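When you get a sec, could you build the whole thing from the sequences and use the hints?
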Amino acid sequence: MTFLSDWKVSDVESTIYVVADSTASGVFRINFVSGLNATLARVYPTNITISTSESAIDLSISNLTKGTVSKVYVEHIQLRVANLPLNWPKHANLVKLVDCMPPENFDGTIYLTNRIMASTRFGQIPIYQVSFGTVWIEGEDRYLDEDKPFHEAYRIPDLLDWFFIGITLIITGLIGSRIQVPFCTKRYPYLTLMSYSMLLGLFVFFGTGFNAIYYNFDEFTYKILVATLSPFFHWEYDHLTSNMAPFLLASIVLESGLKWRKLRYRALFYYFPILLPTYLIVIGQWVSSSRFTFGLSLAIIWFSVEYCFITLQYRKEFFSEQNFTKHFVFSLLIGYVVVGGPYNWLSIALTYPSLFSSLGFAVHGLAFVLACLFFYKCLVPKCKKWNALEI
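Here my numbering is used: the sequence shown runs in plain steps of one and ends on residue 393.
Accuracy of the hints is not assured; some may be wrong.
Said to hold, decoys possible - In silico DSS-like cross-links for lysine-lysine, where the CA-CA straight-line distance does not exceed 30 Å:
#1 Lys150 to Lys188
#2 Lys379 to Lys261
#3 Lys68 to Lys10
#4 Lys225 to Lys261
As the list claims (entries may be wrong) - Label pairs and their calculated CB-CB ranges:
#5 Lys10 to Pro151: 29 to 39 Å
#6 Trp164 to Pro383: 29 to 39 Å
#7 Cys380 to Phe330: 26 to 36 Å
#8 Ile177 to Thr70: 46 to 56 Å
#9 Gly367 to Glu148: 19 to 29 Å
#10 Val97 to Lys188: 45 to 55 Å
#11 Trp164 to Gly367: 23 to 33 Å
#12 Leu176 to Glu319: 41 to 51 Å
#13 Val97 to Trp347: 18 to 28 Å
#14 Asp23 to Lys188: 49 to 59 Å
#15 Glu319 to Glu148: 45 to 55 Å
#16 Asp220 to Glu106: 20 to 30 Å
To be clear, the hints were calculated from the coordinates, so they are not data collected in a lab. Since we're looking at a predicted model, the values are computed, not measured. Positions of the beta carbon are idealized from the N, C-alpha and C atoms, including for glycine.
Structure, rendered in structure tokens:
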């Protein structure tokens, strides 16, 4: 798109939140990787003493008490990396663009979000974000989410293109529905396109779920935003892309492959699998003060189980002579989605055992079992009782 052609990498900014678990004082050193040069720093609270050089900023902080949250915002950091592409500004030396080293007597957590900014006709837009957290105890540190501590968002111009394509398709469908274009009525995938656009829009404008929370750590509204839209946020770019294809397949089959009699039935049977399983986990995490879960993995599982049970409920009608081919293809697509998830877990366990998460596997397995019980006992029987589908 022409409005993306004039984007240029401009500079780097970093937001650091220091959360103390005990009383501490001393020098917090903000280090830059080679190729960066800090030209301006803003620090909150303002009574911190600052000294700068080309490779670091030293912050002398006194009387840091338990529960204190100090924000350090470093902006206009010059980036001296030649030919950095807009869509793939990923380099081994850029993961930790800016890091923070606390004094030895500091116990607490440091949350960092580093962003490479691009100058565009719409203003400054981050084209690369990475967020990570470090926990410090008696001079020793460890990463939060040690298996995958760096939560990255990139390929923003590409995803912005696809976001506008999704919005354009929604508008086209609405116009087509208005002028009675046949495909733009009951079977047009409005809900899928809305979910797809929200998925991409959140990633483009906020980044990952961790980018949104860590960058705005002291703002409660962002925690509400991320909790509410947690199914559409993701841990990182790879997490987003691995969920996107199976979600779109299952979503289109469920929304447009089945012919829903009314919009309210379509919305109920579409959004229930997306929101319910994730919200149950998020509520539990909120109560226990844990960090939120993100992603559409549970929605993909529940979509697939829902379609399987609807197919069992309507098997005579779906696999009649006139409907057999259509629903056989839909069943193959859902079968691919169902088999693809366990296959990915198995391949990771065999090829990269260190990346395999037993807890994650258990949560997804439990979600599958709960989905089977819920749709078998509750929702799918109501589908036939309400006569929600046109056969």
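Q. Which hints from the list above does the structure break, by number from lowest to highest?
A. Checked against the structure, the hints that fail are numbers 1, 3, 4 and 12, while the rest are satisfied.
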